Amino acid sequence: MKTSGGTLVACRGLRKDYGTGEGLVRAVDEVELEVARGETLAVMGPSGCGKSTLLHLLGGLDRPTAGELWLNDRRIDELSERSLAQLRRREVGFVFQAFHLMEELTAQENVELPALLAGRTPRQARDRARELLEEVGLADRSRHLPSTLSGGQRQRVAIARALANDPLVVLADEPTGNLDSTATLEVLRLFESLHARGLTLVVVTHDERIAATADRLISMRDGAFVDETRLTGGTSGSLAGLIGLGS
Amino acid sequence: MGRLLLVIRLAAKDVRRNRAEALLLLVAIAAATTTLTVALALRGVTSAPYAATRAATSGPDVVAAVQQSTLPSQLSGLEHAPGVVASSGPYLIAMPNLVVDGHSDPVMAEGRDPTATSVDQPKLTSGHWVRKGGVVIERSLADLLGLKVGDRVGLDNLVGGGPGPGGGPGSSAGALRAVGPSFEVVGIAVTAALQPSPLNTYAHPSGFPEAGLVWVTRAAAEQLAAITGGAFGYTLNLKLADPSDALTFAAAHQHGGLVLISWQSIAAKEGLIVSIEQTILLTGSWLLGLLALASVALLVGGRMEQQTRRIGLLKAVGATPALVTRVLLAEQLVIALLGAAVGLVIGWLAAPLLTNPGASLVGAPGAPTLDLSTILVVFGAAITVAIVATLAPAVRASRTSTVSALADAARQPRRAGWTIALSSRFPVPILLGMRLASRRRRRAVLSAASLAITVGSLVAVLMFREHANSLDTSGGLGGLFRFSGPGDPLWERGMNVMLVFTFALVLLALVNAVLVTWATVQDARHASAIERALGASPDQVGWALVVAQLLPALPGAILGIPVGVGLYDAVGRHASTLPSAPTLLGVLVATVVVVAVLTAIPARIGARRPVAEILQSETA
Chain H
1 MKTSGGTLVA CRGLRKDYGT GEGLVRAVDE VELEVARGET LAVMGPSGCG
51 KSTLLHLLGG LDRPTAGELW LNDRRIDELS ERSLAQLRRR EVGFVFQAFH
101 LMEELTAQEN VELPALLAGR TPRQARDRAR ELLEEVGLAD RSRHLPSTLS
151 GGQRQRVAIA RALANDPLVV LADEPTGNLD STATLEVLRL FESLHARGLT
201 LVVVTHDERI AATADRLISM RDGAFVDETR LTGGTSGSLA GLIGLGS
Chain B
1001 MGRLLLVIRL AAKDVRRNRA EALLLLVAIA AATTTLTVAL ALRGVTSAPY
1051 AATRAATSGP DVVAAVQQST LPSQLSGLEH APGVVASSGP YLIAMPNLVV
1101 DGHSDPVMAE GRDPTATSVD QPKLTSGHWV RKGGVVIERS LADLLGLKVG
1151 DRVGLDNLVG GGPGPGGGPG SSAGALRAVG PSFEVVGIAV TAALQPSPLN
1201 TYAHPSGFPE AGLVWVTRAA AEQLAAITGG AFGYTLNLKL ADPSDALTFA
1251 AAHQHGGLVL ISWQSIAAKE GLIVSIEQTI LLTGSWLLGL LALASVALLV
1301 GGRMEQQTRR IGLLKAVGAT PALVTRVLLA EQLVIALLGA AVGLVIGWLA
1351 APLLTNPGAS LVGAPGAPTL DLSTILVVFG AAITVAIVAT LAPAVRASRT
1401 STVSALADAA RQPRRAGWTI ALSSRFPVPI LLGMRLASRR RRRAVLSAAS
1451 LAITVGSLVA VLMFREHANS LDTSGGLGGL FRFSGPGDPL WERGMNVMLV
1501 FTFALVLLAL VNAVLVTWAT VQDARHASAI ERALGASPDQ VGWALVVAQL
1551 LPALPGAILG IPVGVGLYDA VGRHASTLPS APTLLGVLVA TVVVVAVLTA
1601 IPARIGARRP VAEILQSETA
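Protein sequences, first through last, are from chains H and B.
Numbering-wise (the numbering used here), the first sequence opens with residue 1 and increments by one.
Numbering-wise (the numbering used here), the second sequence opens with residue 1001 and increments by one.
Looking at chain H on its own, in the form it has when it is part of the complex (with noise of 0.2 Å):
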C-alpha cells in the first residue's frame, strides 16, 4: 500500500498487542486509517481503549505487532531504531497530558531541544524557540523553568516544543486532560492556529467538546474504531462557541 496524494498518514490493519496466552491484551485491533494532510482528526473513546498507543504507534514510538503503517509515503513500520529517531526528529511532533517537559531546562532551552538534536547549531536553535515562544505567547516566560510555569503554559511549551523542527504532522495525547477550562482554550485556539497554517493534527481526547473541534472524529473501543463523523463546523467554526468556553 502507498498512501495517495492527499494522504500523509495511513494504516492497514494494524494491531498491537501485550501480553501472551491467556494475558493477551489487544490495545489496537485491525485499525484501518487515513488522514489527509492538514487534517484534524480527533480520536476519542474511553480510557484503557488503545487510543494513546494508536498515537504511539503513528508517531513511531512503538512498533506494531501486525499491519502496515505509513508516513509521507514512507512505510515506517519496519524502520530501523535510528530511522525512526530520524522521522520522530523531522517529521512528528508530539504534545503529551503530561507536558513531559524537562524540568531542569527552561521554556526556551527545552524548545531549543529538538532543533539541537536535528543537528541545528544553537544560534538557529535560539532563533527558532524565541519565535516560537513568541508565537504561542510565552515569550516573556522563556526563561523561567517549567515548575515556575502553569498548566496551560507548560502545555503551550510543550506545544512550541512539538513544532521546532516544523513537522509534518503533530499528535496530541490528551493535551487538556491536566488543564482548566481556561487553559484548554488557550490551547485550543493554538491548534486552531496551527489547523489554519494547513499543519496535520491527531488529537487522542475523551474530552468531546475537544473533538468537536476536528474535521473528523473517530471514535474507539477495545482497540478498534467503532464509529467515524466528519464534522462541518471542526476548528474553522467559532472555537468557544463550539465548546461553550469564553465569548
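Heads up, a few of these hints could be off.
Here are the computed distance ranges between Cβ atoms for each label pair [said to hold, decoys possible]: (1) Pro-1582/B to Arg-75/H: 48 to 56 Å; (2) Gly-48/H to Ser-1401/B: 24 to 32 Å; (3) Ser-83/H to Arg-1396/B: 36 to 44 Å; (4) Val-25/H to Ile-1387/B: 38 to 46 Å; (5) Arg-1017/B to Tyr-18/H: 20 to 28 Å; (6) Arg-1399/B to Asp-180/H: 24 to 32 Å.
What the hints contain is simulated information worked out from the structure, not anything from laboratory work.
Just so you know, these numbers come straight off a predicted model, no measurement behind them.
Backbone N, C-alpha and C define an ideal beta-carbon position, used for all residues, glycine too.
Fit chain B to the supplied structure of chain H, relying on the hints for placement.
Chain B in isolation, oriented as in the chain H frame:
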C-alpha cells in the same frame, strides 16, 4: 513480633525481586570486609608468633657473635658476665654453599650438639634434630627452596667460582660443581635467635652476610669449615636475669669485634615486615571501606529511584514512614551481614598467602587466628557502612508524599545553566551526556571520588613496584619495604599483599562503575524517554549515558595521581618514585576505557527501554 516478621518478609521479597543489585551490593561489602579481615588477622602475626617462638625455643635474650676463624676469649667470657644466668655455645659457624638441584646459596651452618640445650633450642616443625649426615633447615629457607624432610642437599665449597656471599637465593650454579659432602634434610625448625631469612643478618648487617641458616653436628660444621677455608665465626646465646636489660647489656659489651643483638631488636625486625603489610592492608581496607560506602550509597540511591512507587503503595496501605525506613534498612542490613560473612571467610583463607613465605616463626604459617574481636569489627564495619549509606535516602524516601510516590514522580534534577549552555555546542551524545551528568552533582562527585581512590591506590601500587624494581637493580637489601626483588620471600609476600589489595580494589571500582551507570539509567529514564520521543536515537541516548559517566571519571582519574602519591608517602617511608609518564598516561587511558566499556552495557540496556511505556507510566 508480627511487625518484625512483616519487615523481614517485605525486605526478603524485594531482595528476591532485585537479585542482581543485591548481588552487586554483596560483592561490594565482601570485597571491603575481605581486606579488613586480612588486615586484622595479620595483627596477631606481628607480635604473637615471635613471643610464641621465643617461648617454644627458649629463645636467647642476647645473641653474641664474632666473625673470625678462631674462637676469641671475649666471646666465651660473656658466659660469666654479670646478669647472665644461662648460655649455649659458643657454636662454630661455617659458611658453605647449600646446593639444591644445581642452584647454590651461601648458608650459615651452625655446629650443634645432638642433645637439647637450655638456651636457643630450635623448635622442630617436622623431622628430627641434627645427627650425623643430617642437616636441619631453618623453615623460611626450607619454604623458599622447597625443601622437605628426606631431601638431599650438598653443603659445600664450590669449585669453579660461586656467587659469593650476598648473591642471594636462587643463584644459578652454572658450571659449578659440588665437591663436599652430601646431607639428608632430617628436620625443619624455627628459632627466635634469628631474623627471618634472608634478613637474617644475624648479629649485625656488617658482621654477617645475608644468608640462610642450617644446623649440622659440631663435627660436620668443623668439616665444612675445613673445606671452606676455616670457621666463618662463632656465636653464643645468652639468657639474662632480667630479659628487659638485653638492650643495655648488648650495648655495654659490644666491643673488640664482638657484635651483640638483643631479643627486642630481633622481635622488632620480625614484626617490621608484617607491620608494614598490616599498615598497607589497614590503609587499603579503609580505602575499600570508602569505596564500599560509595557502592552502597549508589545502590541505595538507585534502588530508591526504582522503589518510589513501591514506597507509595506501602504507605497507601497504611505503612508508617518508620516502617518503610525499617524495611529499606533491613534489606541493606541483611545483604551487609551476608557480605561480611563472605568477606570474613575469604579474608581468613587469604591471610596465609601473606604469612607463609616468611614462615620463620611458630604460628606464622597457616591461617592466622580469627578471634571474636576481628569478627565483631568486620560485622560492625559492614553494618555501619550499610546504615550510613542507607539511612538518609531511606528516611527521605519514607517521607516522600504518598501521592507523588504513587505517581512515581521523578526526583527533581538540579539545573546547571552554564553546562546546559555549553553543551549545546557539542554533538548530541556529548550534549545529552553533559546535561545528564550535571543533573546529579552529588552522584558525579561520588563517582569521581570513587575513581580517584581507585586510581590513587593503583598509582601507589605502581610506585611501590617502581621502588622495589629500583632496589632489585641495585642488588642489595634495604629500602622502603626491604624487598630485594623476585625470589625474595619478602618480595613475594609484599606482592601477595598488593595482589589481594589491588584485586579487591579493582573489583570494587568495577562494581561502582556499573552501579553509577545503573543509578544514572534509573534516574534518567524519564529524561531519556523524552529525548527519544523528540528524536534522539537509542545509540545517542546510550552514548550520552556513557559520556555522563566519563565526565566525572576523567577528573577523578587525574585526581587519583596526587592522591596516590599522597597515599604512598603516608604509608611508605622513603621518597616517592613516580611511575613514568607513559605508565601514568596508560593508567588514565585504561581507566577511561574500562569505565566506558563497563558503562556501555547498562547504558545500552537503559537506552533501549520502550519509550511509550515510560512516558505512559510517568506523569511528571
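Do Pro-1582/B and Arg-75/H keep their Cβ atoms within the hinted range of 48 to 56 Å? Holds, at about 54 Å.
Val-25/H paired with Ile-1387/B, Cβ distance criterion 38 to 46 Å: holds (44 Å)
Note whether the CB distance of Arg-1399/B and Asp-180/H lies within 24 to 32 Å or breaks it. At 30 Å between Cβs, range holds.
Status of the given 24 to 32 Å range, CB of Ser-1401/B versus CB of Gly-48/H: holds (26 Å)
A range of 20 to 28 Å was offered for this pair. Does it hold for the Cβ distance of Arg-1017/B and Tyr-18/H? Cβ of Arg-1017/B to Cβ of Tyr-18/H: about 21 Å, so the range 20 to 28 Å holds.
36 to 44 Å as the expected CB spacing between Arg-1396/B and Ser-83/H, which holds or is violated: holds (42 Å)
Checked against the numbered hints given earlier, the structure satisfies every one of them.
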